[in-house]
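Enquirer: The residues making up each chain are set out below.
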Amino acid sequence: MRNLDRRTFLALGGAAGLAGALGLAGCGRSGPARDVAGTITWWDQFQPLEALQRETFDAVAGRLGVTVDYTVYDPAGLGQALQLAQQSGQVPDVFTNGYGVPELVLVENGWVRPIELSPEARARFPEGTLVEGLHTFGGELYSFPLFTPHQHATLTWFDQRAVEAAGGDPENGPRTWDEFRSLAGALTEAGSSSGWIEGLALLDRLRQHVIDLATGAGAVLSFAGNGADAPGVADARTGEYPFDSAEFRDVFEFLGSLVRDGVMFPSSTSLDVRTARARWVGGSAGLFFDGPWNAGVLAGQFPDALATLGLADMPTPDGVARAMNGPVGGAFWLSRTSSDAAAAGEILSRMTTADYARGLAAAMDQPPADVGAVAEADVPEAYARAVSLMRDSVRLAPSPVAKNPAVGAVLSEMKQIRPNLGEIAQGYLGGNVDDVGAELTRYRSRLATERDRAIEVVRAGGQEVSLDDWIFDDADQTTGSPRS
Amino acid sequence: MTLVSTPHARRAAAHRPWIWLFLLPTIVLFGAYTVWPALASIWYSFLNWSGYGPERPFAGWANYQLAFSDPLFWKSIGVTLLIIVVTVPLRVLLALVLAIFLNDPRLPFARVLRTAFFVPVVATTAIIGIVMNFVLDPAGGPVNHVLGNLGIGPVDFLGDASAALWTVMGVHFWKWLGLTLMYWLAALQTIPNDVQEAARVDGASARQRFTHITLPMLAPFVAIITMLTIVETMQIFDLVQTMTGGGPFFSTLVTEVYIYQQAFETARPEYGYASAVGVLLGVLTLVVVGVAAIVSRLIGRKGAVR
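Protein sequence lines correspond, in order, to chains A and B.
Take the first sequence: its position 238, counting from 1, is numbered 238 in this note's numbering, and each next residue is one higher.
Take the second sequence: its position 293, counting from 1, is numbered 293 in this note's numbering, and each next residue is one higher.
Calculated directly from the structure, the hints in this document are not laboratory data.
Please read all numbers here as calculations on a predicted model, not as lab measurements.
Note that the Cβ used here is the ideal one computed from N, Cα and C, for glycine as well.
Treat the hints with care, as some may be off.
[Stated by the list, open to error] So, partial list: chain A residues that the calculated Cβ filter (under 8 Å) puts toward chain B:
1. Gln87
2. Arg181
3. Ser267
4. Ser284
5. Glu423
6. Asn432
All chains, please: the whole structure from these sequences, using the hints.
Expert: Written out as structure tokens, the structure is:
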């Protein structure tokens, strides 16, 4: 056998390398999973629902002869993944709106297409569930809500033994801001290292708390689109941004009083919600604001804490439970490029069933749109009570997008204004904002200017939209139910 | 005129395809991961583009005008420059002092010490950032535990805006000190032993050998080591993102984190604007490195002629 000399070896190696590179190049663009026959890619951000989703996919996909390539992202990660997928032409068949843009933009940009639900599934939506401009566009159904709008993220959670030891009411918890403040002080004195803990590093959640508390203080707000994104929140009666109104100033004063009292957990400004929750469960603090999903997280991660878990609705200045929340946007959207819309429609149809609603309730994340399913599900008493409290106290707020879908285009056109509401709140609670009133006024003013600019741009594009679309003369907040 | 093909020219011509073949991977990878993203960023910076969607209207200089009027952009530039001004001179000087000690063959455990200084360099920055969150925790972290025993604190190192930036600087300094140390140790190897030996034979003291031989011969390295250290310091994204995310209240908002926030970490991403800020940061890097190079060369020249 002939020995290889150096030059021949290099030649062969080079040729092999080139062939390998060409081979790789040939394989490199095999395309995303959705191009594989019979495969549906599905991206969402509902980590607590992962088991339910997989169960649903297994039940339907096997019958249809398709497989579902399912990925659960954290909310921030989903936005980035979609951003990159959009640029590389690998958008999944079904996704949650992690783009952060109003629903109308998804439709107008042609990124999504109508979903094909079975007639039985279409008939399951109660009257008023589907909103034109949020779920239907031009009468065609593009998405539907999974969760109830009767929820907020600012329930007061506590350990009943600790509250009792501090002289509080372990059954009902604090009702008013003053009660909350004095209980936090008593808990601090009674041995908890702090009276109140919050993950203030998560600005979106902090902003949500501020807006929730403002509605509890009586602010009558409208909510455009999904969640409490500050540019989408307005005073429902004037259409103006409300962030330096008396209600919002009162909220800042209330939260600031907790800092001045020395009852806020020291490193709250650098904690995320998960860490704050773990600290709270560990006894580092007595009171903790969170949504109903807190019971579900505890059931999964700290089951021992459930036995003495207490909760109260969001505290308000006068003790009357009240809050407002906007219509809930669609959960899942079907990509325009999906190669198997029929199979996706079958899976989505299953997500309208009572079985799925019970599964949602059992997963103890956000309560299902059909809140009655919670009573039929095997859930801890605390979760059922949280859902029950909010069903009574949270009023459905008007939505400018539902009034005129072009409002969505305005919101999409608006550039972000910083420091935003969450950042101002974090700065204030961290001692970095001295005159919070002036800061809130500046924020409100800059936001209003930016909205005016965006309205002009959208109008120049041929759409009819004006500040009047944010005004709801008959909006009020009278349905808050007094607690027993 | 007749072209004469010499054996040397023929050999060179025969080698040329191989030269290109072996350069190809570098050209492809450097082009794909450095040149193309840089050029694309420049192009994106002139677009009013959110990062997705078919519409990418040309925005001209609007993104740059926006940056120049954006207080947070200037805040991030200020934070970035402050970190450079504080940590780079300290790092370069302390690493030089340590390198001189560690280069002394009489120092016991020199290898162990070199390794100890270098271990943080090879540790993943993001992991260090996360671990430091626990280490510096005001409620239960070991640092505050020690401080508590001394009757101090607790200190909210990362949650207090007045402490967070200095804390991040301290961790960054500790993490990368070993790398600058290695640069100096490598530089010290370039000083010929026979020069030191000759000075010793001539009766020069250790101090005289240091001031008249070691320092002047190290002077030419000041420029390159300073420049490398500055560039490393400007690439502080992973540490800041994992330790503070730019907060609290923008106190640690370095420009890299600001770019990331504008492009990704927002409900309203602005890729075009983020790209413009990225281009401006690149220009700033060139300016800072250029100034540092000029100053370092002046220092080096002064040292060399002494």
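Enquirer: Next, verify each hint and record whether it holds.
Expert: A quick look at each hint next to the structure:
Given the 8 Å rule on beta carbons, the hint for Gln87 (chain A) holds: about 7 Å separates it from the nearest Cβ of chain B. Restraint check, Arg181 (chain A) versus chain B: the minimum CB separation of about 21 Å is more than 8 Å; hint violated. A cut of 8 Å between beta carbons decides the hint on Ser267 (chain A): the least distance to chain B is about 4 Å, and the hint holds. Given the 8 Å rule on beta carbons, the hint for Ser284 (chain A) holds: about 6 Å separates it from the nearest Cβ of chain B.
Taken as an interface hint, Glu423 (chain A) checks out: its beta carbon lies about 7 Å from the nearest beta carbon of chain B, inside 8 Å. The restraint placing Asn432 (chain A) at the interface with chain B holds, with a minimum CB-CB distance near 4 Å, inside the 8 Å limit.
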